[in-house]
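Q: In case you want the letters, here they are:
Protein chains: 2
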Amino acid sequence: MDFLQNNLIYAVPALGLIGIIVMMFKSAWVSKQDAGDANMQELAGYIADGAMAFLKAEWRVLSIFVVFTAALLAYSGTITEINGVPMHSSWIISISFIIGAVFSATAGYIGMKAATKANVRTTQAARTSLKQALKVSFTGGTVMGLGVAGLAVLGLGGLFIVFLSYFNVIGTDGTVSVLNMKTAIEVLTGFSLGAESIALFARVGGGIYTKAADVGADLVGKVEAGIPEDDVRNPATIADNVGDNVGDVAGMGADLFGSYVATILATMVLGQEITVTDKFGGMSPILLPMVICGLGILFSIIGTWFVTIKDEKSNVQNALNLGNWSSIVITAIASFFIVKWMLPETLSLRGYAFSSINVFYAIIVGLVVGTIMSIVTEYFTAMGKGPVNSIIQQSSTGHATNIIAGLSVGMKSTVIPILVLAGGIMASYHFAGLYGVAIAAAGMMATTAMQLAIDAFGPIADNAGGIAEMSQLPPEVRERTDNLDAVGNTTAATGKGFAIASAALTSLALFAAFVGIAGITAIDIYKAPVLAGLFVGGMIPFIFSALCIQAVGKAAMDMVQEVRRQFREIPGIMEYKAKPEYEKCVAISTKASIREMMMPGAIALITPIIIGFTFGPEVLGGLLAGVTVTGVLMGIFQSNAGGAWDNAKKSFEQGVMINGEMFYKKSEPHKASVTGDTVGDPFKDTSGPSMNILIKLMSIVSLVIAPYIAVKAVTNEHKQEIRKEIRIQQKTDGSGNTIIDTLTNTTDTLTH
Amino acid sequence: MDFLQNNLIYAVPALGLIGIIVMMFKSAWVSKQDAGDANMQELAGYIADGAMAFLKAEWRVLSIFVVFTAALLAYSGTITEINGVPMHSSWIISISFIIGAVFSATAGYIGMKAATKANVRTTQAARTSLKQALKVSFTGGTVMGLGVAGLAVLGLGGLFIVFLSYFNVIGTDGTVSVLNMKTAIEVLTGFSLGAESIALFARVGGGIYTKAADVGADLVGKVEAGIPEDDVRNPATIADNVGDNVGDVAGMGADLFGSYVATILATMVLGQEITVTDKFGGMSPILLPMVICGLGILFSIIGTWFVTIKDEKSNVQNALNLGNWSSIVITAIASFFIVKWMLPETLSLRGYAFSSINVFYAIIVGLVVGTIMSIVTEYFTAMGKGPVNSIIQQSSTGHATNIIAGLSVGMKSTVIPILVLAGGIMASYHFAGLYGVAIAAAGMMATTAMQLAIDAFGPIADNAGGIAEMSQLPPEVRERTDNLDAVGNTTAATGKGFAIASAALTSLALFAAFVGIAGITAIDIYKAPVLAGLFVGGMIPFIFSALCIQAVGKAAMDMVQEVRRQFREIPGIMEYKAKPEYEKCVAISTKASIREMMMPGAIALITPIIIGFTFGPEVLGGLLAGVTVTGVLMGIFQSNAGGAWDNAKKSFEQGVMINGEMFYKKSEPHKASVTGDTVGDPFKDTSGPSMNILIKLMSIVSLVIAPYIAVKAVTNEHKQEIRKEIRIQQKTDGSGNTIIDTLTNTTDTLTH
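The listed protein sequences correspond, in order, to chains A and B.
Here the first sequence is numbered in our numbering, starting from 1 and rising by one per residue.
Here the second sequence is numbered in our numbering, starting from 1001 and rising by one per residue.
Hints may contain errors.
Straight-line alpha carbon distances no greater than 35 Å define the calculated DSBU-like cross-link-like pairs of lysine-lysine that follow [unchecked claim]:
#: 1; chain 1: B; residue 1: 1650; chain 2: A; residue 2: 666
#: 2; chain 1: B; residue 1: 1665; chain 2: A; residue 2: 666
#: 3; chain 1: A; residue 1: 385; chain 2: B; residue 2: 1554
#: 4; chain 1: B; residue 1: 1591; chain 2: A; residue 2: 385
#: 5; chain 1: A; residue 1: 222; chain 2: B; residue 2: 1527
#: 6; chain 1: B; residue 1: 1527; chain 2: A; residue 2: 182
#: 7; chain 1: A; residue 1: 584; chain 2: B; residue 2: 1671
#: 8; chain 1: A; residue 1: 671; chain 2: B; residue 2: 1650
#: 9; chain 1: B; residue 1: 1222; chain 2: A; residue 2: 650
#: 10; chain 1: A; residue 1: 671; chain 2: B; residue 2: 1666
#: 11; chain 1: B; residue 1: 1650; chain 2: A; residue 2: 665
#: 12; chain 1: A; residue 1: 131; chain 2: A; residue 2: 32
Source of the hints: derived by calculation from the structure; they are not laboratory data.
Given only the sequences and the hints, what does the whole structure look like? Please build it.
A: Set out below in structure tokens:
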């Protein structure tokens, strides 16, 4: 125990490394599996190539952005004082930023590579058994999960060790320099900014990509040319399949990578403010989130052992649930002992005192919030449940009533998640103050590796089915992939719930961290400018959503024109005599997605900078609160409405009963449900999930600029604060005269 | 001048009375006009009877609600102390509440009566000339406008005089008792609560009514039976026409009556906190909003003189604009002199000092905010402008893209209004502190009489057209009513923008007033419970909207079944041999609307009470901020999306160009646009406008309960506040020891 105690800090990157090593083994195992016949391999090759083409194009733009931002950060790091107030950053923050970006991009690359390998191998495995097909597809997902979590923990933990040494945080006598620790952690925020910037490109760009391809492929292929979905004659079909990987695998991965890193970091920022005497040189509150998340990787690996089935009749969903719950329960139990071991009996943050056991309770709150939000999301989007049924029923009276029903379901689905979130905020704060809010988020994110494995399993199974369809394999193969795909739809829904919950809690943790660094003690919306900030912040998710939705429309139109051109100019496509130019469609989706994400991305990045430097940290705090509240609401609303429309449409495939009559595909109500599904596509895969990125990115940008705008706070706000105190003193204290004199002098000193 | 100075307080109700007298003359003039032939009169009779049937049913439910709430208020007024803190209310607040409810209901009754008289007389006038038709329809609208504004000013001003005397506010020596003034104004809030409660029934219930009838009539009539809109054979057609009056006239009237009263009151609440020496016994900041709004009635009457045209070729819109602008400009100029005359050179509210000229600037800010919001609303919903054109273009690829385009337009339309609102908050606060925010709202509302006259003109013209259609009058008549109707659509859009702006500013004014009465000095969203309140508040507009939309769906289904039954059981309807039972459909819409508004109404009324009493005023403040921010956003989003869809559909009637091809009614793109219009119906006429009521009602309820929850603030929050001060003192003051001791004692005293 003593050895571990003295070297705990090294255990963190070691745990990340373990995750990466296990991932490599799993990745090698997937590669070794049979990739099927030449035809299957060719199709899979197109998808893999298209996915890589997108990544490469994304990286080209990204590299310009990263270099530019890194230069800006490096410059900001050289500022040693503003108006006489000393700054504590360093140009090293730009290195930190670049590493964050590279790590996030690498995690996306690994996941995408694994997914595009696992898809065709799952199809092939499905020729043998369901058990084997599940093993291949889930292992593919595991590669993504472990890659994301492993790289995040390795990166954060490794950089932290380097910075501790570089900034001489721990003196030769073993004491910790508070100021140097501040610098080390401030520089570490660059890592989180880098990670979240990649997430912007991957999630928003990827979201536009996937739906532009999907809608474009459907509009010309299904509607105009009358060929089925996933038909090899459709030039956009490969782009469509690429989109599943780009959006659902790489996008989701980058999203959670960002949440994971930001959550740990925010907890560290708050942890450094807690002064304790412990076995770790007073660093236990800083180390705790890293240790829990590092161990979460181990527990996720243990969880994967339970994801297996006996035979064809086994329930795949149950196997995934068992794996998920095992890792969550082990994490919860382990947290208890870790908290007890690491933290001293009592702690205190910004005047709020709490005991170590309460930190454990806060972690449990995080786990509960994440779980309930996943369950609610599943309920509102699952086939056979009330909400989806209401949409089915209202499809009988036409397109309009289908849309109204879906919008209504989406709006209603916000109620419980928000109440749970609000309850979670209050409970975790009650237990352990602001540190509790942050550690709750960290607890929830601890099993990210498992969550992502289950998430990424979905699109792999979906792709496997697509390949089976395109290669015209026997029906029992399709049946097995359909089984996996159906489960994948549910996990996609719960995964989205988890992603929103994680984004919300992460933003709150960042928000808490921001206020401390920005040098303010309150965000008072009773002040007119702060209230104005709240309004403007609340509006941003609306314009961001509108831009995302519009981008899909525009990009889909580009796609439509290209597909029409190919049908016109390449004779023989429809007779299978000529091959469509798949790569042209891939290029269009790639280019459009990157072009269209510029504007929303710029809004997310630049708004906090403008508001922060113009109006100061308190107004920026109001802005962040507004963005977070409506961002979470719009995220839940759009994702769930889209998910419910999707499954309402899917329900018609097996037939549904409306007013005692059965309706199937091609019936009028089914057509109405297709309208809802198409409206829902950008909702659930573009604008909805991009809310996660929006709220996190704006918070992390604010956290990074916080030290620079904090200066304004001292010169303007602080004076006000002190004036207010004078008034209060006047009221409450009888012998107040001397006090007022003293304080007036203080004010004067500050004015000059 | 001296006489006026000494009796200014009596001038206020006198101005209201002048408005009512002018209204009576105008109403009598409308009644005297020719009501056309027997057939027209019969149809108009059905509409008038249906409208009255709704009002009566509404009043029945309302009277139960009013009696119950009045009893509760009367009881609360008898509480003299809570935990030793004295209360200053009185049971008289229940009387104030009842009068508010009765006045608002009366205003609705007068407006509805005038509108249902003016519609058929406009049709008849259109047989002669456009000039005469405009005169009749606009005069009908003027009756509504003057009725609302006149009764509001008479009620508020009259009650204020009564309460000044009843509560002995002004002593025999002419000095004003601050405490008694507090009581008088607190009791006056009951008037506002009464008015806003009626608005809930009228706007939300009316909104459900009008769209249930509309959608129900269309689904069976147009779709199933294949008969045109406004066809006398459709049993639901009268209900549909009644709906226009119920929703657009009575609903809008009650909405603005509520805003008008609440705005004046909120300014008075803040005004009583300003201590000044003036010519009005220190009451000038309290009297100012009443005087400006009272004079606004006069200026609105002057404005109506300009609403006239020369001949058939004159531009009706220009005439309305001239009237509107005259009244606004005169109000602005007059405000300058009134402010200069009434207010002392400098004033100060809660430590914020400002000069009297700045109060004038704040009023101008209010006028500018209202104007810009109207213009933006018009731009986003007008035919021929970019937003509506984008929906038309995207209708060519089907129902789904039409919906996506409309949703995107609605979301984008929030940007400028929110920026304007945020700028307005900051500017008006900058000029005159919180009093500035409130007086800006009052300035904007001053010309309510004119705004409402223009608003109510729309549905009157719409109805006139319907009657012309049903009575098969000559084409030139229909042409003239169409001309008026087209202008009416624009004024409906700008009117909605004005209503949202007024609701937003009113809520902010109430919010400012609430904080003072609740005994708190800040709403700090950095405190976890307050942030939780913000989230929950933000969610409420979503569930409220969902319930409203769902209510329309349910009620429309009831209507569909009744219409089907009549077609089945009453032979000869389709051959004009039998008359449909119009009153049955009217009854269904009436019953359904009142039933379905219960749940959303209960949410609006009860949530602030539960949150306020459980968590105290600061959390309630967070809740209110959340409701206001997302409420305004959802209101703008839904109203504008709905308006844009409506006009995209209407554009097809004249034919539209898409990709070089012309499309007309019955084309595929037109069918897609009909889907959008149907989705937009509950958006723009039910859930969107009901956001206004939601945010105002929750604010006014909070204001009324504020004194009772303020007690909690002292015992819990205040202690925290003082503890915080101790810490700050410790930091800033070197000789802090004695202070801490003194304050610790104070804290102890408060604890026991």
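Q: Against the earlier hints, flag every one the structure doesn't satisfy and list their numbers going up.
A: Violated hint: only 5; rest satisfied.
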